[in-house]
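Take the given structure of chain S and dock chains W, Y, R, L and E to it, following the hints.
Protein chains: 6
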Amino acid sequence: MTIAVYPGSFDPITLGHVDIAARAAAIFERLVVAVFDAPAKSLTFTSEDRIAMAREALAHLTNVEVIGFHGLTVDLARRVGAQVIVRGLRAVSDFEVEMQMAFLNRRMAPEIEVVCLPTSLEFSYLSATMIKEIIRLGGPTEGLVPHHVGEALRQKYLGDASTGPVPRFLNS
Amino acid sequence: MTIAVYPGSFDPITLGHVDIAARAAAIFERLVVAVFDAPAKSLTFTSEDRIAMAREALAHLTNVEVIGFHGLTVDLARRVGAQVIVRGLRAVSDFEVEMQMAFLNRRMAPEIEVVCLPTSLEFSYLSATMIKEIIRLGGPTEGLVPHHVGEALRQKYLGDASTGPVPRFLNS
Amino acid sequence: MTIAVYPGSFDPITLGHVDIAARAAAIFERLVVAVFDAPAKSLTFTSEDRIAMAREALAHLTNVEVIGFHGLTVDLARRVGAQVIVRGLRAVSDFEVEMQMAFLNRRMAPEIEVVCLPTSLEFSYLSATMIKEIIRLGGPTEGLVPHHVGEALRQKYLGDASTGPVPRFLNS
Amino acid sequence: MTIAVYPGSFDPITLGHVDIAARAAAIFERLVVAVFDAPAKSLTFTSEDRIAMAREALAHLTNVEVIGFHGLTVDLARRVGAQVIVRGLRAVSDFEVEMQMAFLNRRMAPEIEVVCLPTSLEFSYLSATMIKEIIRLGGPTEGLVPHHVGEALRQKYLGDASTGPVPRFLNS
Amino acid sequence: MTIAVYPGSFDPITLGHVDIAARAAAIFERLVVAVFDAPAKSLTFTSEDRIAMAREALAHLTNVEVIGFHGLTVDLARRVGAQVIVRGLRAVSDFEVEMQMAFLNRRMAPEIEVVCLPTSLEFSYLSATMIKEIIRLGGPTEGLVPHHVGEALRQKYLGDASTGPVPRFLNS
Amino acid sequence: MTIAVYPGSFDPITLGHVDIAARAAAIFERLVVAVFDAPAKSLTFTSEDRIAMAREALAHLTNVEVIGFHGLTVDLARRVGAQVIVRGLRAVSDFEVEMQMAFLNRRMAPEIEVVCLPTSLEFSYLSATMIKEIIRLGGPTEGLVPHHVGEALRQKYLGDASTGPVPRFLNS
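The listed protein sequences correspond, in order, to chains S, W, Y, R, L and E. Counted from 1, the first sequence has number 54 at position 54 by the working numbering; the numbering is strictly sequential. Counted from 1, the second sequence has number 37 at position 37 by the working numbering; the numbering is strictly sequential. Counted from 1, the third sequence has number 36 at position 36 by the working numbering; the numbering is strictly sequential. Counted from 1, the fourth sequence has number 132 at position 132 by the working numbering; the numbering is strictly sequential. Counted from 1, the fifth sequence has number 20 at position 20 by the working numbering; the numbering is strictly sequential. Counted from 1, the sixth sequence has number 97 at position 97 by the working numbering; the numbering is strictly sequential.
Next comes chain S alone, as it looks inside the complex (with noise of 0.2 Å):
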């Protein structure tokens, strides 16, 4: 049985994350998607909501489990015995990050295969960050994330003007 982790950081979880997800479990045996808890100030939401907001929107997907973790992603991967990393593949700047992350995760586990899926067409372009671009100046988020997610988001970044980390992208 290959047992497979899918690591991010999922701030929040876009349909891209979902459809990586649901393709990944659709060809290993599980799938363990893997909530990194990075004590970063960056973030816009909590692990827990991160978590929460995941499981959410992969509960159909009945192979896949939702954990949090942290350290390194290889020492997860060996913890819930998994063989196989997942990356989502969408643009060139995606590619290079992802060879160098495939090459140091093999340096030190050689036995963790490093697999990338390309994201469906439609969801190409999709960033969290320029997810938050849009809901932040009033944009329709349908299509882009599930949602419960699009409901936390505007939450987030509208019903509370003074809020955290103001993402700037789209209109610079």
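Derived from the structure by calculation, the hints contain no laboratory data. Any given hint might turn out to be false.
Said to hold, decoys possible - Part of the chain Y face toward chain R, derived, beta carbon under 7 Å:
| # | residue |
| --- | --- |
| 1 | 91 |
| 2 | 125 |
| 3 | 137 |
| 4 | 139 |
To be verified - Now the in silico label distances, taken between C-beta atoms and shown as ranges:
| # | chain 1 | residue 1 | chain 2 | residue 2 | range |
| --- | --- | --- | --- | --- | --- |
| 5 | W | 79 | S | 65 | 29 to 35 Å |
| 6 | Y | 122 | R | 46 | 34 to 40 Å |
| 7 | S | 65 | R | 155 | 52 to 58 Å |
Glycine is no exception: its CB is placed at the ideal position from the N, C-alpha and C atoms.
What follows is chains W, Y, R, L and E alone, placed relative to chain S:
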């Protein structure tokens, strides 16, 4: 009559921006240069300053108007009756961001076209960040920014040593 | 009145080309789709066939005219009174070639602007070479090329097994 | 049981291909290495030779089978009951082609996933074209291709000076 | 005698930097490794620490000198009589930044050449940011940074949990 | 004394090549411009012509020598006592090929360094292929190739209409 919007933060306007605006003004009947009023602290200049510097830099283009705006670029485009959003293209990294923004904007406003103009060769290596770094390190800015913008940058970075965000790039 | 030229070999015209032509026709008063009459043997269709297929594919766009041409694009642009050369942008590899061509064209004709239009997401993975390969291998072309072009390709590649240049790509 | 197809021309198989096949064989229950039987003249080896060299190079991988095929990769995948198409990723230029092929394949067979595996660092600069050029110029191939492939290449390029397509790359 | 300057923030020096310095020292008569004294808070180490770590890491290269500097790299080059600025090349993203910097530097000092050296394959995936992240997450740094740098990083990140800027990359 | 080799097909030499050679000649004590004697038919000029044109174009650089060669570049470098192979860098697509070649060359000759020089901005969009296309279509070549090379190209392409390989690029 085709009206075009050229959005950006213009923090501050460079000769690369002026080049793109002039090209767009030659193609379209009217060009609205829209200075994004993002309330973010990582800006070097206030909205008022950015708008004023852009106005002075573009005063010679008679069919160009400079305005401030907040909200989504596509909403602004609709408000001013523009059918076109203009963007400058310099490098591969620009390209990917522009494609992402074009797809997102089309999703929100399919009736508005995104048009990318390649910069002049001589400005293809210019960015506001790099110019600020050159200024901060005491380098010359002739040929990079309009004269009045160079003055404003020098006052900002050299006249007040404790000033705000310090770009780190040229020597990184 | 802004006249634009959209040059290419159109061997044959795809729905990606039609998409770019429609976008350009919405922005500019008149669009001249210019089919390059290169005497190269690596073409699949004759100039006459390529022009005829393009004309049929673009017949619904009333301000679009299809012509054949030889020589430099900038000379053609001057001949038809165009101020703009239109190019489609799909991928990073497109981007570099387009930038090179834009710089060369400007050198030869500084008064003519190059305008790049991002393709629709659904056509961003399309190329004439890939379509020929799909046809040759017996795959479906609905949604990739206009119906009459699909017929012509099938006749070319499947009706006559010994036909000319055989693209090798999809399985390479 | 997840079955994967690893398609290619393998003209000839390199240690980079062997690396990807071994990685895929470690993840999936069964791997079908599919040698594309393209009737193109720019191939260096016949289908029979390419299949035989691949079989010898992969004989140590017990869950790997080498077959020839013609037609679309997605049709082959369906024929052999594969849910996955495996592709190697080396460089940015690979990346764009792979994304295009992934989107086209999904369009034709949405039930089949494309999985990209980053090559080992030591093979990231390898291509069959470069290896042929090295051979042709009398360079060493240890560590680039399996021993029997190096022999076959030397015989092809050095034993018969008038042989077929001459790659030009290393010194271009 | 050709003197070269290798500028950077070296925060801290990695084995990738050591590799580039050794290559440059083999080509040029004298190499000045110049540690940029940027007063930015996002640095992990002080200028003194960065210079000291670089000196220890490069002590085996007899024609290499490590100095601190502020101001423009081209001004430094002139001050030390260097005709060449050396830069390491790892990835496509490096490439674009280096090209931009080369063009800007030439504009300011046409008599000074920029020379890019490709990193060793084994260091092509290394960045100071990634190394800090690995350290912070408890991973091994053998083969990534000199021993004394690894110690300094571990003390910085693990000995003092409340320490400054926290890179987020590997699990993002 | 550092000797450098600048290898290429120089078919024909352009002002971009001259620019790189002049930069290298300013850094290194001696520069050997090595014209690759590939027996490929896709060349436009014979080895003799390519060498002669390069010699005339570089006659003003007193420490530069032009030779023909066949075989591997690293073997040539060893033969002439060079420690350095020089390559020009123009675009991202150049970059990847150069990195691949650098890694392969290091594998074969670890004692020889590869040094990449960014081209002048004004030549960054130049390629021999594009220049041939411009010539063939009747365009001007001032500022692209040395005068005698322009003459040779015009004679080749315009004086003899049935001449060899016809590049297709500018209008493709």
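(message) Verify the CB-CB distance for residue 79 of chain W and residue 65 of chain S against the hinted window 29 to 35 Å.
(response) violated (47 Å)
(message) Quick check on residue 137 of chain Y please, does its C-beta sit within 7 Å of some C-beta on chain R?
(response) holds (5 Å)
(message) Taking 52 to 58 Å as the stated bounds, is the beta-carbon spacing between residue 65 of chain S and residue 155 of chain R within them?
(response) holds (54 Å)
(message) Under 7 Å is the threshold here; is the Cβ of residue 125 of chain Y close enough to any Cβ of chain R for the hint to stand?
(response) holds (4 Å)
(message) Take the shortest C-beta to C-beta distance between residue 91 of chain Y and chain R; is it under 7 Å?
(response) holds (5 Å)
(request) Please verify that hint: residue 139 of chain Y, Cβ, nearest Cβ of chain R, below 7 Å or not. (result) This interface hint holds because 5 Å falls under the 7 Å limit.
(message) Range first: 34 to 40 Å. Now tell me if the beta carbons of residue 122 of chain Y and residue 46 of chain R are that far apart.
(response) Distance hint for residue 122 of chain Y, residue 46 of chain R holds at roughly 39 Å.
Violated hint for the displayed structure: number 5, the only one.
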